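J.: Please put together the full structure from these sequences, using the hints given.
Number of protein chains: 4
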Amino acid sequence: MKRLIEEFNLNLDLAVEAHDLLRGAAKVEIPGVKEEITRGESTKTTTITILNQEGAKALGRPQGIYITIESPPLKINDPYVKAEIIAEMEKGMQLLTKEMLGPQDSVLLVGLGNWRATADSLGPKFIEYSPITRHYYQHAPDALVEGMRPTSGIAPGVLGITGLETFEVIKGVVEKIKPALLVVVDALAAADVERIGTTIQMANTGIQPGAGVGNHRQALTIEGLGVPVIAIGCPTIVSATIIANQAIRTYCMHSGVFYNDSKSVDAIKEILSYFSGNLAVTPKEIDDIIENTSRIIALGVGKSLFPGISEEQLVMYAT
Amino acid sequence: MKRLIEEFNLNLDLAVEAHDLLRGAAKVEIPGVKEEITRGESTKTTTITILNQEGAKALGRPQGIYITIESPPLKINDPYVKAEIIAEMEKGMQLLTKEMLGPQDSVLLVGLGNWRATADSLGPKFIEYSPITRHYYQHAPDALVEGMRPTSGIAPGVLGITGLETFEVIKGVVEKIKPALLVVVDALAAADVERIGTTIQMANTGIQPGAGVGNHRQALTIEGLGVPVIAIGCPTIVSATIIANQAIRTYCMHSGVFYNDSKSVDAIKEILSYFSGNLAVTPKEIDDIIENTSRIIALGVGKSLFPGISEEQLVMYAT
Amino acid sequence: MKRLIEEFNLNLDLAVEAHDLLRGAAKVEIPGVKEEITRGESTKTTTITILNQEGAKALGRPQGIYITIESPPLKINDPYVKAEIIAEMEKGMQLLTKEMLGPQDSVLLVGLGNWRATADSLGPKFIEYSPITRHYYQHAPDALVEGMRPTSGIAPGVLGITGLETFEVIKGVVEKIKPALLVVVDALAAADVERIGTTIQMANTGIQPGAGVGNHRQALTIEGLGVPVIAIGCPTIVSATIIANQAIRTYCMHSGVFYNDSKSVDAIKEILSYFSGNLAVTPKEIDDIIENTSRIIALGVGKSLFPGISEEQLVMYAT
Amino acid sequence: MKRLIEEFNLNLDLAVEAHDLLRGAAKVEIPGVKEEITRGESTKTTTITILNQEGAKALGRPQGIYITIESPPLKINDPYVKAEIIAEMEKGMQLLTKEMLGPQDSVLLVGLGNWRATADSLGPKFIEYSPITRHYYQHAPDALVEGMRPTSGIAPGVLGITGLETFEVIKGVVEKIKPALLVVVDALAAADVERIGTTIQMANTGIQPGAGVGNHRQALTIEGLGVPVIAIGCPTIVSATIIANQAIRTYCMHSGVFYNDSKSVDAIKEILSYFSGNLAVTPKEIDDIIENTSRIIALGVGKSLFPGISEEQLVMYAT
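Chains as they are written, first to last, in this note's numbering: chain A, 1 to 319; chain B, 1 to 319; chain C, 1 to 319; chain D, 1 to 319.
I should point out that these hints are in silico values taken from the structure, not numbers from a laboratory.
Bear in mind that the values here come from a model prediction, so they are computed numbers and not experimental data.
There may be inaccurate statements among the hints.
Any copy will do: because identical chains look the same in the list, a pair fits if it lies in one copy or spans two.
[To be verified] SDA-like, lysine to any residue: derived pairs with alpha carbons at most 20 angstroms apart:
#1 Lys-284 with His-135
#2 Lys-284 with Ala-140
#3 Lys-176 with Pro-62
#4 Lys-27 with Met-1
#5 Lys-27 with Thr-38
#6 Lys-263 with Gly-32
#7 Lys-269 with Glu-84
#8 Lys-176 with Asp-142
#9 Lys-284 with Ala-117
#10 Lys-178 with Gln-63
#11 Lys-98 with Ile-222
#12 Lys-2 with Val-265
#13 Lys-44 with Gln-104
#14 Lys-2 with Tyr-136
#15 Lys-269 with His-135
#16 Lys-34 with Ala-87
#17 Lys-284 with Phe-8
T.: Set out below in C-alpha cells:
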C-alpha cells in the first residue's frame with residue numbers, strides 16, 4: 001500500500017490506520033509510538049501517542065496524541081449509544097486540552113469542507129449544530145448560563161467564501177478575535193469502507209487543509225496560527241484507488257496468485273486516471289451519515305467546552 | 001460482468017453500455033437491435049433501437065429508442081460546445097416525441113432523486129432550471145409568449161415529500177392534471193468513470209424509479225401512468241463493485257494471469273459487503289458536474305418543448 | 001376594520017381575532033358561537049366553537065372548533081415552557097380528532113407555503129421536523145416502535161413542485177395513499193404584531209390555500225378531499241394595510257380627532273397601492289421565529305399522533 | 001419625519017431620499033451638496049456629491065459620491081432593460097473607482113446580510129452570482145481569459161460564520177489578502193415601498209454594517225480597513241414605523257386635520273413597540289425580487305471589473 005499512497009498522493013487520515021499498516025500482520029512495535037486501547041459497552045477507543053521525531057517520521061505525521069473512537073452505531077445516531085460516544089469524546093477533549101484552556105477562555109470552532117458536496121459537508125454541518133455564544137457576551141449577557149464560555153464558529157468553505165485560501169481566512173480571523181483554542185472539524189478519508197460514519201479521530205496536532213505534503217507555515221497548527229488546534233474528523237469516503245487495490249490483493253490471495261505492487265498500480269492507473277484519480281467511494285446513505293455524525297460531534301465538543309450544560313440547552317445555542 | 005451484475009443486483013443504466021457488453025470485443029450483431037452513430041464537431045450520438053421482444057430480452061430493457069449523446073465538455077458547461085449538445089438533444093427529443101405532442105399540449109417535468117445527496121440531485125436541479133409556465137395560463141396569460149406551452153414540474157424526492165413512493169405521487173398528480181407527456185430526469189449509474197458528466201441518455205421507454213427488477217404497473221411508463229414518458233439521464237456514479245471488478249480484470253490482463261469471474265465476485269464481496277454493497281464512486285467535483293449537466297439538460301428539454309424561444313427567455317421562466 | 005378587510009381583500013386567519021372584532025368593546029355574545037378560555041402557567045387557550053350556520057355566517061368561516069393557544073415564549077422555543085405548549089397542543093388534537101382516528105390509522109402531514117420566502121416557510125419547516133414513518137412499514141418494519149402509526153409528509157410549495165395547484169397535488173396524493181386524516185400546517189396573517197410567533201391556532205375545518213373567497217370543492221377540506229382535515233397555523237405576518245389603519249385610528253384617538261373609515265381606506269390606498277397592497281409586516285428575527293415555532297408544532301403534532309413516544313425518538317424519525 | 005428617524009433610530013439608507021427630505025417640497029439647495037440627474041430609456045440616474053463637511057453634516061452621511069439608478073423593471077429582471085441598467089452601473093463604477101484600480105488589481109467582494117432571512121439575503125446572493133477568479137491565478141492560470149483580474153468573495157453572515165462581528169472577519173481577511181478595493185453589497189431600507197427592488201445605490205464612502213450611529217474605526221470604510229470601499233445596495237424593506245407615519249400624514253392631509261409629529265410618534269410607539277419596533281414591510285414576492293436584483297448587481301459589478309468579458313462568461317466564473 002505504501003507504493004499506492006505515493007503513486008496516487010493519497011491521504012491516510014487516520015493515525016490508527018497508518019499505525020496498523022506500519023505494524024503489519026506481525027504487529028511489530030514502532031519505536032517512538034505508544035498505543036493504548038480501552039473498550040466501553042459499544043465503543044473502542046485507541047490512543048496513539050507519537051512521542052518523538054522518530055515516531056513522527058515513521059507514521060508520517062506530527063508528534064502528538066491521536067484518539068480514535070470506534071462505534072458502528074455512530075452513523076445511525078443510535079440514542080442508546082450516543083451518550084457513551086459523547087462521554088468518550090469528553091474524555092478525549094480533556095486529555096487533548098488539559099491545562100490549555102481556562103474556564104472563560106474563548107474557543108473558535110472551524111468547520112472545513114464544501115457544504116455543496118455531501119461527503120465533504122461534515123465540517124459546515126458541525127458548525128450548524130454547535131453552540132455559539134460569543135455574541136451574547138457583547139450583546140445579551142443575560143442569555144448566558146453559568147458554565148458557558150465564548151465560542152464562535154466559521155465554515156470557510158461554505159457558499160459565501162470563495163477565491164480565498166482556508167488558511168488566509170482562519171489566520172485573519174484568529175488575529176482579530178484571539179481565541180485560546182481552535183477546534184477544527186473535517187471529513188476524513190479512510191482506507192476501509194467500514195470506517196465511514198463509525199470512527200471519530202481527535203488529535204492535538206492541528207490539520208493541513210486539503211492535506212497532502214504542504215507548507216507547515218500555512219497549516220492550521222499552533223506553528224501556523226499561534227494558537228493550539230484540536231483536529232476532529234470522521235471518515236466519509238475511501239479513495240477509489242484503495243478499493244481497487246484491495247480488490248486486486250484479495251483476488252490474488254483467493255486465487256493463490258502472487259500479488260505484484262507495481263502491476264497493481266499500473267492496472268489502477270489504467271482504469272482510474274480520468275478525473276486525475278480523484279474518485280471517492282461513499283455509501284448511498286451518506287447524507288444521513290453526515291447528519292448523524294455531525295450532530296454527535298457537535299454535542300461531544302459542546303459538552304466538553306460547556307461543562308454541566310445539558311444537551312437540550314446546547315442545542316438551543318446552536319445557530 | 002454479467003455474473004457481477006446478477007450477484008450485486010447492479011443497474012447498467014445506459015443502453016449503449018449494455019449493448020457494447022453484449023456485442024463483446026468481436027462486435028457481433030444483436031438480433032432485434034439496431035445501432036446508428038452520428039458525429040458532430042464535439043459530440044457523438046448513438047441511437048439504439050430495440051425493435052422487438054427478442055432485442056428487448058437480449059438487452060434486458062423495454063422495446064424503444066435509446067439515444068446517447070457523448071461529449072466530454074458537457075461536464076464543464078463549455079460555452080462553445082453547449083449549443084451543439086442542446087441541438088443534439090432537440091433532435092433527439094423530436095425523434096422520441098414525434099406526432100405525440102401537439103403545439104399546445106401540456107408537459108409534466110419530473111426530477112427524480114434526493115437533493116440532499118449531491119450525486120443524486122440531478123433531477124431536482126433539472127426542475128430548478130426548467131421553464132415552468134402552466135400557472136401563467138391560469139393566472140397571468142399576458143406573461144406568456146408565442147411558442148410556449150403549459151409545463152409543470154415536480155421533484156418528488158426533495159425535502160418536502162417523504163414516506164411516499166415516487167410512483168404514488170406522480171400517478172396522483174398525472175391523474176389530476178392529465179399532461180400529454182412526461183419528461184423524467186434522473187441521475188444514472190454507468191460502468192465507466194469516464195461517462196460521469198459526459199453522457200446524456202434519452203429514451204422513449206419510461207423509467208423504473210429505484211430501478212432493479214420491478215413491478216411494471218408501478219413504473220413511470222405509459223403502462224403504469226397512461227401517458228407517454230421520455231426518460232433522460234446523465235451518469236453521476238459508477239458502482240464500487242464495477243471499479244473493483246475492472247481493477248481485478250485489468251490486473252489479470254497485465255500480469256498474464258487467468259481471470260476467474262467467480263473468484264472476482266468473492267473478492268469483491270469480501271471487501272464491499274459493508275453498506276450492502278451500495279457504494280458509489282464519484283469524482284470530487286461532483287457538485288460542479290451536477291450543476292453544469294442539469295443546466296444543459298434543462299435547456300435542451302426547454303428548447304425542444306418551446307420551439308423558437310431564446311435561451312435567455314427560458315431561463316427567465318425557471319423557478 | 002370590516003371596511004378595510006373588504007377593500008383590501010384581507011384574511012383574518014385567526015378565529016379569535018374575528019370573534020373579538022365582532023364582539024367589539026362591549027363584548028356582545030354572538031349567536032351560534034361559543035367561547036371557552038382556560039389558562040395554564042404560561043399559556044392561555046381559547047376554544048371557539050361555531051355551532052351552526054348563523055355563527056358561521058357571522059364569523060365568516062365554516063362551522064367547527066377553533067383552538068387558539070397563546071404563549072409569548074413560543075417564539076423563542078423556551079425550554080421551560082415548551083412542554084406546556086406541547087401538552088396544550090395534545091389536548092387540542094384530542095378534542096379535534098376524537099373518535100376520528102384509530103391507533104393504526106395513517107396520517108398525511110401537509111406543509112403549505114414557500115420555503116424560499118422566510119415568513120411563508122412555516123409549513124415546509126414543519127414537515128422537515130415531523131416524524132415520518134410510512135416507508136418503514138413497507139421497507140423496514142423492525143425500525144418501528146410500539147405506539148407508532150404510518151405518517152407521510154408533503155410540502156407542495158417547496159422548490160421541486162411548480163406550475164401545479166396545491167389542491168391538485170394534495171388531492172392526487174390523497175387518492176393514492178388514502179390517509180385517515182390530514183394535518184395541514186401553514187403560516188397565518190394576524191391583525192396584531194404581538195401575535196407573530198406567539199399564537200397557535202388549530203381547527204377541524206380544513207383550510208383554503210391562498211385563502212380568500214374560494215371554491216370549496218378546491219379547498220383542503222373534508223368536502224374537497226374526502227378526508228377530515230386538521231388545520232394548524234401560527235401568525236408570521238400582519239398586513240401592512242392593518243398596521244397603517246391601526247396607526248391612523250390610534251392617532252385619531254390620541255388627538256381627539258374623529259376617525260373616518262372611508263378616508264382611512266383612501267389614505268392607505270394612496271401609500272400602499274404599489275405591489276397591489278400585498279405588503280407584509282414581519283419582525284427582523286422572523287427566521288428564528290419560524291425555526292422555533294415549526295419545531296414546537298412538529299413536536300405537538302408528533303406527540304399526539306404517536307402517544308407514548310419520547311421527544312428524542314420523534315426527532316430521530318424526522319427526515 | 002426627522003423626529004421619527006430619531007425616535008425609532010431609523011436608517012434612511014438612500015442618500016437620494018435623505019436629500020429629498022432635506023430639500024422639502026420647496027426643493028431648496030443644500031450647501032455643500034450637488035445633484036445631477038440623467039435619464040435613459042428606462043432608467044433615471046441621480047448623482048449626489050457631498051462636497052464638504054457642511055454637506056456631510058446636513059445629509060448625515062460621509063463626504064463622497066452617491067449614485068442612484070432607478071428602474072422599475074429591475075425587480076423583474078426584464079431582459080430588455082437589463083442591459084441598460086448594467087451599463088448605468090458600469091458608468092457608475094467607473095466614476096467611483098477612477099484611477100483607484102489598475103487592470104490587474106485584486107478586488108474583494110463582500111455580501112453582507114443573513115441568507116436565512118429572505119429580505120436580508122441580497123448580499124449573500126450577490127456573492128453567489130459574482131465571478132470569482134483569485135483561486136485560478138494560483139491553481140489554474142490556464143482557465144483565465146484576457147481582461148480578467150483576481151476577485152474573491154465573502155459573505156460573512158451566512159450560516160457558516162457566527163459569533164463573529166462582520167468587521168472582525170472582513171478586517172482579518174483584508175489584512176491577509178490585501179485587495180486594492182472592496183465592493184460591499186447589502187440590502188437597504190427605503191422610505192417608500194415603490195423603491196423596493198427598483199433602485200440601486202452605489203457610493204464610494206463605504207458602509208456601516210448594522211448601521212446606525214457607530215464607531216468609524218469599526219466601519220467598512222477606508223478609515224476602518226485601509227482599503228477603498230464601494231458600497232452598493234438595493235432597498236428590500238421599508239420600516240413599519242415609516243409606513244405608519246405615512247398613513248397618519250396622508251390621512252390628516254385627506255381629512256384636512258392638522259398633523260402633529262409628536263402625537264404621531266406616540267401612536268406608532270403604541271402599536272409597534274413589540275419587537276422593539278424592528279418591524280419591516282416587504283412585498284410578498286420578495287424572494288423573486290432578491291433573486292432578480294442580486295443577479296443584475298452581480299453582472300453590473302462583474303462587467304465593470306472585467307471589461308470586455310461577456311455576460312455568459314461571467315456567469316461561468318460564478319461559484
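J.: When no copy is specified for Lys-269 and Glu-84, does a C-alpha distance of 20 angstroms or less occur within a copy, between copies, both, or neither?
T.: neither (43 angstroms within a copy, 32 angstroms between copies)
J.: Could you place Lys-98 and Ile-222 in one of the four classes (within, between, both, neither) given a Cα distance threshold of 20 angstroms?
T.: within (16 angstroms within a copy, 42 angstroms between copies)
J.: With 20 angstroms as the alpha-carbon cut-off, assign the pair Lys-284 and Ala-140 to within, between, both or neither.
T.: between (43 angstroms within a copy, 17 angstroms between copies)
J.: Pop the pair Lys-284 and Ala-117 into one bin, within, between, both or neither, using alpha-carbon distances up to 20 angstroms.
T.: Answer is both; intra-copy 13 angstroms and inter-copy 8 angstroms each pass.
J.: Given identical chains, is Lys-2 near Tyr-136, meaning Cα to Cα at most 20 angstroms, within a copy, between copies, both, or neither?
T.: Answer is neither; intra-copy 50 angstroms and inter-copy 32 angstroms both fail.
J.: When no copy is specified for Lys-284 and His-135, does a C-alpha distance of 20 angstroms or less occur within a copy, between copies, both, or neither?
T.: Between copies, since 17 angstroms is at most 20 angstroms while 38 angstroms is not.
J.: Can you tell me if Lys-263 and Gly-32 fall within 20 angstroms by alpha carbon in one copy, between copies, both or neither?
T.: Answer is neither; intra-copy 34 angstroms and inter-copy 41 angstroms both fail.
J.: With identical chains treated as interchangeable, where does the CA-CA distance between Lys-176 and Asp-142 reach 20 angstroms or less: within a copy, between copies, both, or neither?
T.: Classified as neither; 25 angstroms inside a copy, 35 angstroms across copies.
J.: At most 20 angstroms between C-alpha atoms: does Lys-269 with His-135 qualify within a copy, between copies, both, or neither?
T.: neither (51 angstroms within a copy, 28 angstroms between copies)
J.: Is it within a copy, between copies, both, or neither that the alpha carbon of Lys-2 lies no farther than 20 angstroms from that of Val-265?
T.: within (11 angstroms within a copy, 26 angstroms between copies)
J.: For Lys-27 vs Thr-38, is the C-alpha pair at or below 20 angstroms within one copy, between two copies, both, or neither?
T.: within (18 angstroms within a copy, 59 angstroms between copies)
J.: Are the CA atoms of Lys-176 and Pro-62 at most 20 angstroms apart within a copy, between copies, both, or neither?
T.: neither (27 angstroms within a copy, 26 angstroms between copies)
This entry does not satisfy hints 3, 6, 7, 8, 10, 13, 14, 15, 16, going by the numbered hints stated previously.
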